[in-house]
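*Asks:* Sequence:
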Amino acid sequence: MSPCAGTRRLTCLLAAAVLVLGGAGCANVPSGGQVVSGRPAERAERVDDPYVRLIPVKPRPEWGPAQIVSGFLAASASFDDGHKVAKQYLSGETSWNPGLRPFVTVLASRITDPHVIKSSGNQATVRVTGEELGTITADGQYTASPKALDATFQLTRTPQGVWRIAGLPGDDKAGLLLTKDDVERAMRTVNLFFFAPDRRTLVPNGVFLPVVNRQTLPTQLVQALLTGPTSWLNGAVDTAFPEGTRLRRGVRIDKDVATVDLTGQARGGDVERMSAQLSWTMRQLSEIKSWRLSIEGRTVAPDGAGATQPVNGWEGNSPDGQVPPEGVQQSAYVVGPSGFLGTLESDRAQPVVTGSAGRLTRPAVAPDHQEFAGLSADESQVLVAAPVTGQPAPRVLLTARPGARFTAPTWSHDGTLWIVETKKDESSLWVRRRGKPPVRAAHWGLGGREVLAFRMARDGVRAAVIARVDGRPQVQVGRIVRSSGDGLDVGSFLPVSSELQDAVDLAWRDYGTLAVLGRAKRDSQTLPFLMPISGSAITSLGVGSLGEPRTIAAAPGAPILIGTRSSGKDQVCRQRSPSNSYSPWICPTPAKDPSYPG
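The working numbering numbers the first residue of the sequence shown as 667 and each following residue consecutively.
Errors might be hidden in some of the hints.
[Unchecked claim] For each label pair, taking beta carbons as the anchor points, the in silico distance ranges come out as:
#1 Asp904 with Val782: 49 to 55 Å
#2 Asp847 with Arg1138: 26 to 32 Å
#3 Asn900 with Glu962: 25 to 31 Å
#4 Ala1203 with Pro812: 17 to 23 Å
#5 Pro1254 with Thr1065: 32 to 38 Å
#6 Ala814 with Ser1206: 31 to 37 Å
#7 Ala814 with Gln1191: 33 to 39 Å
#8 Glu909 with Asn763: 24 to 30 Å
#9 Gly1151 with Ile1252: 45 to 51 Å
#10 Asn978 with Gln881: 19 to 25 Å
#11 Glu962 with Thr882: 21 to 27 Å
[As the list claims (entries may be wrong)] Straight line, CA to CA, 27 Å or less: simulated BS3-like cross-link-like pairs of lysine-lysine:
#12 Lys784 with Lys724
#13 Lys724 with Lys750
#14 Lys846 with Lys750
#15 Lys1187 with Lys813
#16 Lys724 with Lys846
#17 Lys1187 with Lys1090
#18 Lys813 with Lys784
#19 Lys921 with Lys955
#20 Lys813 with Lys846
#21 Lys1102 with Lys1089
#22 Lys724 with Lys753
#23 Lys784 with Lys753
#24 Lys846 with Lys753
#25 Lys846 with Lys1187
Treat the hints as calculated values from the structure; they're not laboratory data. For glycine and all other residues, C-beta sits at the position ideal for the given N, C-alpha and C.
Just need the whole structure built from these sequences, with the hints factored in.
*Replies:* This is how it looks when you write it as structure tokens:
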């Protein structure tokens, strides 16, 4: 007998059918989280790096029911030709068409070998089991849903004497069962960009996009953008493309210039805003350096711009807001040794507010530097004062209920102040718009949980939290939907990663990455990490003696700062070489509670 006979023959054939071709870069399936955004395009791996493509194997006439199911599952991981080969495993009565962007159930690893649990004449039932990680919906949104998988396939023997699948798990509209490895090979995490309610700031929306071949990737990316945001961000963001806008033809690339030709509906859209969304979305493709926009075959351009736009234009719409030019240091604030609010300059705390402002801890300065907020020493009161310079007397904005405390305050770019009042198994979100009294958010998705930290993203639409889930701190990201008037729905908080435990504080480093203090499962002490909110692997930041890290501060292009306590003294630590993630930490500043504006 051949060494590839039976099931072993199927395994050999499948193993021999993997080729390395040009295509898109890796997608990363979170081990326990929600994909809400990929890494910033200019700092991420390119989505069009080489990838491994599966050449599916057709069913063989001698295969039994279990082998047919194995072959079908393997062929399902190939997105070529509309799953043409996978459909050959089905009987003629089975109408299964997952489409280019199917519903996917993601499994932790290869499922158990399918086995026949019932057989009678020309009918058979095959069972597969495994560990489900989560699902990817048709709009590309990944949601964690860890649980056991137990699925059955119904098979029939055709008049030609071969076994085929007559019934899929669930129904004939079932999607795909793919392992984590299948997804990482065949799909890519990309960012689509939509507008925040201010109609100026872009918000990244991370999706999983199947890659069929290298040539179609630019078209797939733009089509996904025109489809609109995922269900997770729907209602929280806006698009400049009028309803019904489509591509007239695939995105064409001549040398390094792409042409995006839209249907006539685009005439009703704002050319500048459509251009910003397209530029930020297409900059993820390395071969596109510039591009032109056409509507019904006629080139259009924003006022004052040429027909061809640089792909890295529209920096004024950055999700990170106005980032200081290269070489210009972002201002950091600290609480100095005698309790003053100061700026951090050359590792020294320079007072900007003295006197009664010494009551403040966990200070947060508004993005326009016109106001600051903080907490009392016992975190039972929220204090605010303006202006930042001089000697303003902080006033009490909020006092917590008995047994409760406040998280460190955080600002959004429009000058709105956000604070969470929390105690065990309970929390409320307070929102204070400038010039108005604070109010509780009517719809707050974490009302039944203790919240340890809450930080607004600079786009004003997303928020990162540390919430206590099943007794352990968990990093999550949620979204903010604004309704008419002052209505707010702050919810849909979902986990980012399961790699960190015992997180104590976090900050947004940039629009796709969090800086987090916590412990990886292998660690015995609290350390700083970078956590991509795409769910990609976390990165440890350097080494050094950090004492007891308590707070962390981060901003785009700025050094990460840690407030720590060692031998009874407060210190602010930074990496010796901030541009090197592996650089050791030093603690030269006697101060505490570092923060960046916003």
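*Asks:* If a hint holds in the structure, say so; if it doesn't, say that too.
*Replies:* Checked hints:
Checked against the given bound of 49 to 55 Å, the beta carbons of Asp904 and Val782, roughly 53 Å apart, stay inside it. At roughly 28 Å, the beta carbons of Asp847 and Arg1138 sit within the given window of 26 to 32 Å. For Asn900 and Glu962, the hinted distance range of 25 to 31 Å is satisfied, since their beta carbons lie about 28 Å from each other. In this structure the supplied range 17 to 23 Å holds for Ala1203 paired with Pro812, their Cβ-Cβ distance being about 18 Å.
Between Pro1254 and Thr1065 the beta carbon distance is about 36 Å. The supplied range of 32 to 38 Å therefore holds. Distance hint for Ala814 and Ser1206: a CB-CB separation of about 32 Å, consistent with the stated range 31 to 37 Å. For the pair Ala814 and Gln1191, the beta carbons lie near 35 Å from each other, so the given range of 33 to 39 Å is met. Under the hint 24 to 30 Å, the C-beta atoms of Glu909 and Asn763, about 26 Å apart, fit the expected range.
Distance hint check for Gly1151 and Ile1252: the Cβ-Cβ separation is about 50 Å, which falls inside the suggested range of 45 to 51 Å. Take Asn978 and Gln881: their Cβ atoms lie about 23 Å apart, and the range 19 to 25 Å holds. Remark: the range hint 21 to 27 Å for Glu962 to Thr882 is upheld by a beta-carbon distance near 22 Å. Restraint check for Lys784 and Lys724: the C-alpha separation of about 25 Å stays at or below 27 Å, so the hint holds.
Restraint check for Lys724 and Lys750: the C-alpha separation of about 10 Å stays at or below 27 Å, so the hint holds. Annotation: proposed proximity of Lys846 to Lys750 holds, straight-line Cα distance about 22 Å (limit 27 Å). Only pairs whose Cα atoms come within 27 Å are accepted, and Lys1187 paired with Lys813 is accepted, the gap being roughly 21 Å. At most 27 Å may separate the alpha-carbon atoms for a hinted pair to count; Lys724 and Lys846 meet this at roughly 23 Å.
Using a Cα cut-off of 27 Å, the hinted pair Lys1187 and Lys1090 holds, with the two alpha carbons roughly 24 Å apart. Restraint check for Lys813 and Lys784: the C-alpha separation of about 25 Å stays at or below 27 Å, so the hint holds. Between the alpha carbons of Lys921 and Lys955 the distance comes to roughly 9 Å, so the proposed pair stays at or under 27 Å and holds. Proposed proximity of Lys813 and Lys846 is supported: the alpha carbons are some 14 Å apart, at most 27 Å.
Taking the CA atoms of Lys1102 and Lys1089, the gap is about 26 Å. The hint holds against a cut of 27 Å. This hinted pair checks out: Lys724 and Lys753 have alpha carbons roughly 9 Å apart, not beyond 27 Å. Simply put, Lys784 and Lys753 have alpha-carbon atoms about 23 Å apart, close enough for the 27 Å limit, and the pair holds. For the hint pairing Lys846 with Lys753, the CA-to-CA distance comes to about 22 Å; that is within 27 Å, so the pair holds.
A C-alpha spacing of about 21 Å is found between Lys846 and Lys1187, which places the hinted pair at or below 27 Å, so the restraint holds.
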